[in-house]
Amino acid sequence: QKEVEQDPGPLSVPEGAIVSLNCTYSNSAFQYFMWYRQYSRKGPELLMYTYSSGNKEDGRFTAQVDKSSKYISLFIRDSQPSDSATYLCATLGGFKTIFGAGTRLFVKA
Amino acid sequence: EAQVTQNPRYLITVTGKKLTVTCSQNMNHEYMSWYRQDPGLGLRQIYYSMNVEVTDKGDVPEGYKVSRKEKRNFPLILESPSPNQTSLYFCASRDTSGSYYEQYFGPGTRLTVT
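From first to last, the protein sequence lines are chains A and B. Numbering-wise (this note's numbering), the first sequence opens with residue 4 and increments by one. Numbering-wise (this note's numbering), the second sequence opens with residue 6 and increments by one.
Quick caveat, the hints were computed from the structure, so don't treat them as lab data. Just to be clear, a hint being listed does not mean it is correct.
Claimed, not checked - Using C-beta positions, here's what the derived DEER-type ranges look like:
1) ASP64(B) / GLU48(A): 21 to 29 Å
2) SER56(A) / VAL57(B): 23 to 31 Å
3) LYS99(A) / MET32(B): 15 to 23 Å
To be verified - From the structure, some residues in chain B lie toward chain A, with a derived Cβ separation under 10 Å:
4) VAL9
5) GLN11
6) SER38
7) TYR40
8) LEU46
9) LEU48
10) ARG49
11) GLY63
12) GLU67
13) GLY68
14) TYR69
15) THR101
16) TYR106
17) PRO112
Unchecked claim - List of simulated lysine to aspartate or glutamate pairs, DMTMM-like, C-alpha gap at most 25 Å:
18) LYS59(A) / ASP100(B)
19) LYS45(A) / GLU107(B)
20) LYS62(B) / GLU48(A)
21) LYS5(A) / ASP43(B)
22) LYS23(B) / GLU6(B)
23) LYS99(A) / GLU67(B)
24) LYS73(A) / GLU84(B)
25) LYS70(A) / GLU8(A)
26) LYS99(A) / GLU58(B)
27) LYS76(B) / ASP100(B)
28) LYS62(B) / GLU84(B)
29) LYS111(A) / ASP69(A)
30) LYS59(A) / ASP10(A)
31) LYS76(B) / GLU48(A)
32) LYS45(A) / GLU58(B)
33) LYS45(A) / ASP61(A)
34) LYS70(A) / GLU107(B)
35) LYS5(A) / GLU84(B)
36) LYS5(A) / ASP69(A)
37) LYS59(A) / GLU107(B)
38) LYS23(B) / GLU58(B)
39) LYS73(A) / ASP64(B)
40) LYS45(A) / ASP100(B)
Only a predicted model underlies this, so the values are computations on that prediction, with no experimental measurement involved. Ideal Cβ placement from N, Cα and C applies to all residues, glycine included.
Pulled out of the complex, with its shape left as it was, chain A reads as follows (with noise of 0.2 Å):
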């Protein structure tokens, strides 16, 4: 089993329309959580963090941590074109950053 699991995607959706992004996450002693997006021929940038369970927002975009589950989310309100790109999560294990496989996100005009 992959410590971080990402669906792929790829993931379609019309402009304006509200993108959920999700991961699980096997081991309950990960406390920080990222969001990098990482737009095509880039390296991945850092979107957002949470540090232990709840809800973090900047801007259209809410990163969430649900412990008990062991789900990490990403929503993204008002999408636009521009937020085309792959999304990755990740967590901290130690000072090593496990990655999921990141979901290719297109955003359609």
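Put chain B on the given structure of chain A with help from the hints.
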């Protein structure tokens, strides 16, 4: 500008011909690492370094070497590349204090081994 640079960005080579991919960061980060990214498999760590002269294996180290002689540089060496090392490679660095959860990635090196 804070950044991680990699060279070359694209490389096509033949089986067995030694190559080096360079990585440099200007953020004075202690921690540096190399990943490969393959479709459906995500980012897999090859090697990492906690500081100068301190390196350790990641999840997929076979066929790769690294060195860390200076804090800013962390080259990846493929002494005898094989076709299964065709991949997209990323170097990354991270602070080990403060916001240590955030990694900064280079632009990637696309390697093809024929």
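Going through the hints against the structure:
| no. | hint | in the structure |
| --- | --- | --- |
| 1 | ASP64(B) / GLU48(A): 21 to 29 Å | 22 Å, holds |
| 2 | SER56(A) / VAL57(B): 23 to 31 Å | 38 Å, violated |
| 3 | LYS99(A) / MET32(B): 15 to 23 Å | 19 Å, holds |
| 4 | VAL9 | 8 Å, holds |
| 5 | GLN11 | 9 Å, holds |
| 6 | SER38 | 8 Å, holds |
| 7 | TYR40 | 8 Å, holds |
| 8 | LEU46 | 6 Å, holds |
| 9 | LEU48 | 4 Å, holds |
| 10 | ARG49 | 8 Å, holds |
| 11 | GLY63 | 8 Å, holds |
| 12 | GLU67 | 18 Å, violated |
| 13 | GLY68 | 20 Å, violated |
| 14 | TYR69 | 17 Å, violated |
| 15 | THR101 | 7 Å, holds |
| 16 | TYR106 | 5 Å, holds |
| 17 | PRO112 | 5 Å, holds |
| 18 | LYS59(A) / ASP100(B) | 23 Å, holds |
| 19 | LYS45(A) / GLU107(B) | 17 Å, holds |
| 20 | LYS62(B) / GLU48(A) | 24 Å, holds |
| 21 | LYS5(A) / ASP43(B) | 16 Å, holds |
| 22 | LYS23(B) / GLU6(B) | 32 Å, violated |
| 23 | LYS99(A) / GLU67(B) | 18 Å, holds |
| 24 | LYS73(A) / GLU84(B) | 41 Å, violated |
| 25 | LYS70(A) / GLU8(A) | 15 Å, holds |
| 26 | LYS99(A) / GLU58(B) | 18 Å, holds |
| 27 | LYS76(B) / ASP100(B) | 12 Å, holds |
| 28 | LYS62(B) / GLU84(B) | 16 Å, holds |
| 29 | LYS111(A) / ASP69(A) | 30 Å, violated |
| 30 | LYS59(A) / ASP10(A) | 22 Å, holds |
| 31 | LYS76(B) / GLU48(A) | 22 Å, holds |
| 32 | LYS45(A) / GLU58(B) | 29 Å, violated |
| 33 | LYS45(A) / ASP61(A) | 22 Å, holds |
| 34 | LYS70(A) / GLU107(B) | 21 Å, holds |
| 35 | LYS5(A) / GLU84(B) | 30 Å, violated |
| 36 | LYS5(A) / ASP69(A) | 18 Å, holds |
| 37 | LYS59(A) / GLU107(B) | 16 Å, holds |
| 38 | LYS23(B) / GLU58(B) | 22 Å, holds |
| 39 | LYS73(A) / ASP64(B) | 23 Å, holds |
| 40 | LYS45(A) / ASP100(B) | 21 Å, holds |
Hint violations for this structure: numbers 2, 12, 13, 14, 22, 24, 29, 32 and 35, all remaining hints satisfied.
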